[in-house]
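Note that the protein sequences, when read in sequence, are chains F and X.
Per my numbering, the first sequence starts with residue 1, numbered consecutively.
Per my numbering, the second sequence starts with residue 1, numbered consecutively.
Quick caveat, the hints were computed from the structure, so don't treat them as lab data.
Nothing here was measured: the structure is a model prediction, and the numbers come from that model.
We put the CB at the ideal spot given by N, CA and C, even for glycine.
The reader is advised that the hints may include incorrect statements.
Pairs of lysine-lysine, DSS-like flavour, derived with a Cα cap of 27 Å [claimed, not checked]:
{"hint": "1", "chain 1": "F", "residue 1": "Lys68", "chain 2": "X", "residue 2": "Lys15"}
{"hint": "2", "chain 1": "F", "residue 1": "Lys1", "chain 2": "F", "residue 2": "Lys68"}
{"hint": "3", "chain 1": "F", "residue 1": "Lys113", "chain 2": "F", "residue 2": "Lys42"}
{"hint": "4", "chain 1": "X", "residue 1": "Lys57", "chain 2": "X", "residue 2": "Lys15"}
{"hint": "5", "chain 1": "X", "residue 1": "Lys17", "chain 2": "F", "residue 2": "Lys68"}
{"hint": "6", "chain 1": "X", "residue 1": "Lys11", "chain 2": "X", "residue 2": "Lys57"}
{"hint": "7", "chain 1": "X", "residue 1": "Lys17", "chain 2": "X", "residue 2": "Lys57"}
{"hint": "8", "chain 1": "F", "residue 1": "Lys42", "chain 2": "X", "residue 2": "Lys11"}
{"hint": "9", "chain 1": "F", "residue 1": "Lys1", "chain 2": "X", "residue 2": "Lys11"}
Just some of the chain F residues that point at chain X, by a computed CB distance under 10 Å [stated by the list, open to error]:
{"hint": "10", "residue": "Val13"}
{"hint": "11", "residue": "Pro14"}
{"hint": "12", "residue": "Gly16"}
{"hint": "13", "residue": "Leu44"}
{"hint": "14", "residue": "Ala78"}
{"hint": "15", "residue": "Ala91"}
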Amino acid sequence: KQEVTQIPAALSVPEGENLVLNCSFTDSAIYNLQWFRQDPGKGLTSLLLIQSSQREQTSGRLNASLDKSSGRSTLYIAASQPGDSATYLCAVNYGSSNTGKLIFGQGTTLQVKP
Amino acid sequence: GAGVSQSPSNKVTEKGKDVELRCDPISGHTALYWYRQSLGQGLEFLIYFQGNSAPDKSGLPSDRFSAERTGGSVSTLTIQRTQQEDSAVYLCASSLSSSGIIHEQYFGPGTRLTVT
Numbered sequence: 001k002q003e004v005t006q007i008p009a010a011l012s013v014p015e016g017e018n019l020v021l022n023c024s025f026t027d028s029a030i031y032n033l034q035w036f037r038q039d040p041g042k043g044l045t046s047l048l049l050i051q052s053s054q055r056e057q058t059s060g061r062l063n064a065s066l067d068k069s070s071g072r073s074t075l076y077i078a079a080s081q082p083g084d085s086a087t088y089l090c091a092v093n094y095g096s097s098n099t100g101k102l103i104f105g106q107g108t109t110l111q112v113k114p
Numbered sequence: 001g002a003g004v005s006q007s008p009s010n011k012v013t014e015k016g017k018d019v020e021l022r023c024d025p026i027s028g029h030t031a032l033y034w035y036r037q038s039l040g041q042g043l044e045f046l047i048y049f050q051g052n053s054a055p056d057k058s059g060l061p062s063d064r065f066s067a068e069r070t071g072g073s074v075s076t077l078t079i080q081r082t083q084q085e086d087s088a089v090y091l092c093a094s095s096l097s098s099s100g101i102i103h104e105q106y107f108g109p110g111t112r113l114t115v116t
């Protein structure tokens, strides 16, 4: 079964700390992987998209890596801020040809304390 | 530019009634997706439209659920004879698609459905 797992389910850190969120997937034959942010009661905001052929993507303080052989992706957040508090979701588009649908992890809820 | 919009933002309905949820994708996006987010289940794929191709309906939980996309733009998700377990937030997303490549998906704010 194609699944996505995120650990930890929740994380609390002091402001300014660098942190890593983990995502693992069960099948290395992925099309792409996308990281999202979700604020309470809101929709999803796309953060980074990594294609199957890529190893990492960067946007500002965010860096996402992809290791297909080990079935893992990490989202690195540098110099965390209280405004980074949200739920972070990892989603995988499985398959060698694009099927369109994303399989989501359960998310990591991040709290950054001032 | 305008993002993905969904209506209504909230819908309360009685068990057994039919509901229709609407999604307006980003202009020019040929791919459109419906997902459902419920407590305990996380985010689940429902259905995917890509241009004029037959939709991928593999995520629809029962035959009470259906969706259509008219004119390659607006989409409507219909739930017939609603049940309490249908209560969830229904999210719509759209993306570009060129030369068989699907780009990142952009999500709307969702419709919160409550079945009483």
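Broken hints, numbered, in rising order? 1, 5, 9, 10, 11, 12, 14
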